[in-house]
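2 protein chains.
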Amino acid sequence: MTPRTDIEAVETANTTFYEALERGDFEAVSDLWLPDDGDGEAPAVSCVHPGWPALSGRGEVLRSYALIMANTDYIQFFLTDVKVSVHADTALVSCTENILSGGPAEEGADLGPLVGQLVVATNVFRRTPDGWKLWSHHASPVLAETDDEEGGAGPEGGETPA
Amino acid sequence: MTPRTDIEAVETANTTFYEALERGDFEAVSDLWLPDDGDGEAPAVSCVHPGWPALSGRGEVLRSYALIMANTDYIQFFLTDVKVSVHADTALVSCTENILSGGPAEEGADLGPLVGQLVVATNVFRRTPDGWKLWSHHASPVLAETDDEEGGAGPEGGETPA
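Chains as they are written, first to last, in my numbering: chain A, 1 to 162; chain S, 1 to 162.
Hint data in this document are derived by calculation from the structure and do not stem from the laboratory. Where hints are given, some of them may not hold.
[What the hints assert, rightly or not] Calculated lysine-lysine pairs in the DSBU-like style (CA-CA distance at most 35 angstroms, straight line): (1) Lys-83/A to Lys-83/S; (2) Lys-133/S to Lys-133/A; (3) Lys-133/S to Lys-83/A; (4) Lys-133/A to Lys-83/S; (5) Lys-83/A to Lys-133/A.
[What the hints assert, rightly or not] Residues of chain A clear of chain S, computed beta-carbon distances all greater than 10 angstroms: (6) Thr-5; (7) Ala-13; (8) Asp-25; (9) Lys-83; (10) Glu-106; (11) Gly-108; (12) Gly-131.
From the three backbone atoms N, C-alpha and C, an ideal C-beta is built for every residue, glycine too.
Kindly generate the complete structure, drawing on both the sequences and the hints.
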């Protein structure tokens, strides 16, 4: 059995990550990603934003957040379906990100157009002396459900196989 | 430093997974997913197919593969950008799946229409006495690259934030 305290600590790390994104707090987001190993071997953190190819290594991942923050004036995450599985020093978190976001305002406007997005994320954390840190974040768009599909196991009814 | 043999064993497990999908070998795919714990606690395996919401637990995950196999007559994966990171008994694999697939043929035809897809996957494996087994698979569509986007860090240029 996983100690209840481990699951709570991972849930807190996961929530802290999204709160840092909501505040556009680049330092806090950086701090939540696994640091480079002392021996110079990269920890090979990995990040996939919705619709993006994979980004690899702290440099590439953190630059993507700087770019995203520069293009985002407002963002809010409503997390649902949060599932945590802990094994030894690794934790797997699956959650649905119900996102409301807006880009920079056009001239003369108070706020850019708001966009709602339904995204599913898999976050992998590792236990470190400084707490649980992100090893991998993979987020992808959930396409509209079509209830009349055979089986109904997913929106694409078996046509997208892996 | 991670022993070279660990990385090779994880690469082999990853390749074996995609070969089993290509053969439509449901037993082999089942065998590659982490088994339930002996104490009745679910290992909480997690799986996201491209465009799908998250599936959780062996039952839900394996049913989705049965459904996908029933709707897929032909599928081939060309893996590129395979990156492996091993920490203790957990391994993180990031790869691009260049997929060519076809559904069941229409009446009178030899093969259904073939579809190409560009998908990025994050696979998390755990070391077990029976080898490396899948704890999580998350696959998502890579949307078309637009080279004239600012920064070029991704196809959506910072508009999809997590």
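Here is what the structure says about each hint:
1. Of the pairs offered as hints, the one joining Lys-83/A and Lys-83/S holds, with about 26 angstroms between alpha carbons and a cut-off of 35 angstroms not exceeded.
2. Distance hint between Lys-133/S and Lys-133/A is fulfilled; the C-alpha atoms sit about 23 angstroms from each other, no more than 35 angstroms.
3. Between Lys-133/S and Lys-83/A the alpha-carbon distance is near 20 angstroms, which keeps this suggested pair within the 35 angstroms criterion.
4. With a C-alpha separation of about 20 angstroms, the suggested pairing of Lys-133/A with Lys-83/S holds against the 35 angstroms cut-off.
5. Between the alpha carbons of Lys-83/A and Lys-133/A the distance comes to roughly 17 angstroms, so the proposed pair stays at or under 35 angstroms and holds.
6. No Cβ of chain S comes within 10 angstroms of the Cβ of Thr-5/A; the nearest lies about 16 angstroms off, and the non-interface call holds.
7. Taking the minimum C-beta to C-beta distance to chain S, about 15 angstroms, the non-interface status of Ala-13/A holds against the 10 angstroms cut.
8. Every CB of chain S is more than 10 angstroms from the CB of Asp-25/A (nearest about 13 angstroms), matching its label as outside the interface.
9. The claim that Lys-83/A lies off the interface is violated: its Cβ sits roughly 6 angstroms from the closest Cβ of chain S, which falls inside the 10 angstroms cut-off.
10. Distance check for Glu-106/A against chain S: the nearest CB is about 15 angstroms away, which clears 10 angstroms, and the non-interface claim stands.
11. With a least beta-carbon separation of about 21 angstroms from chain S, Gly-108/A lies farther than 10 angstroms from that chain, consistent with its non-interface assignment.
12. Distance check for Gly-131/A against chain S: the nearest CB is about 16 angstroms away, which clears 10 angstroms, and the non-interface claim stands.
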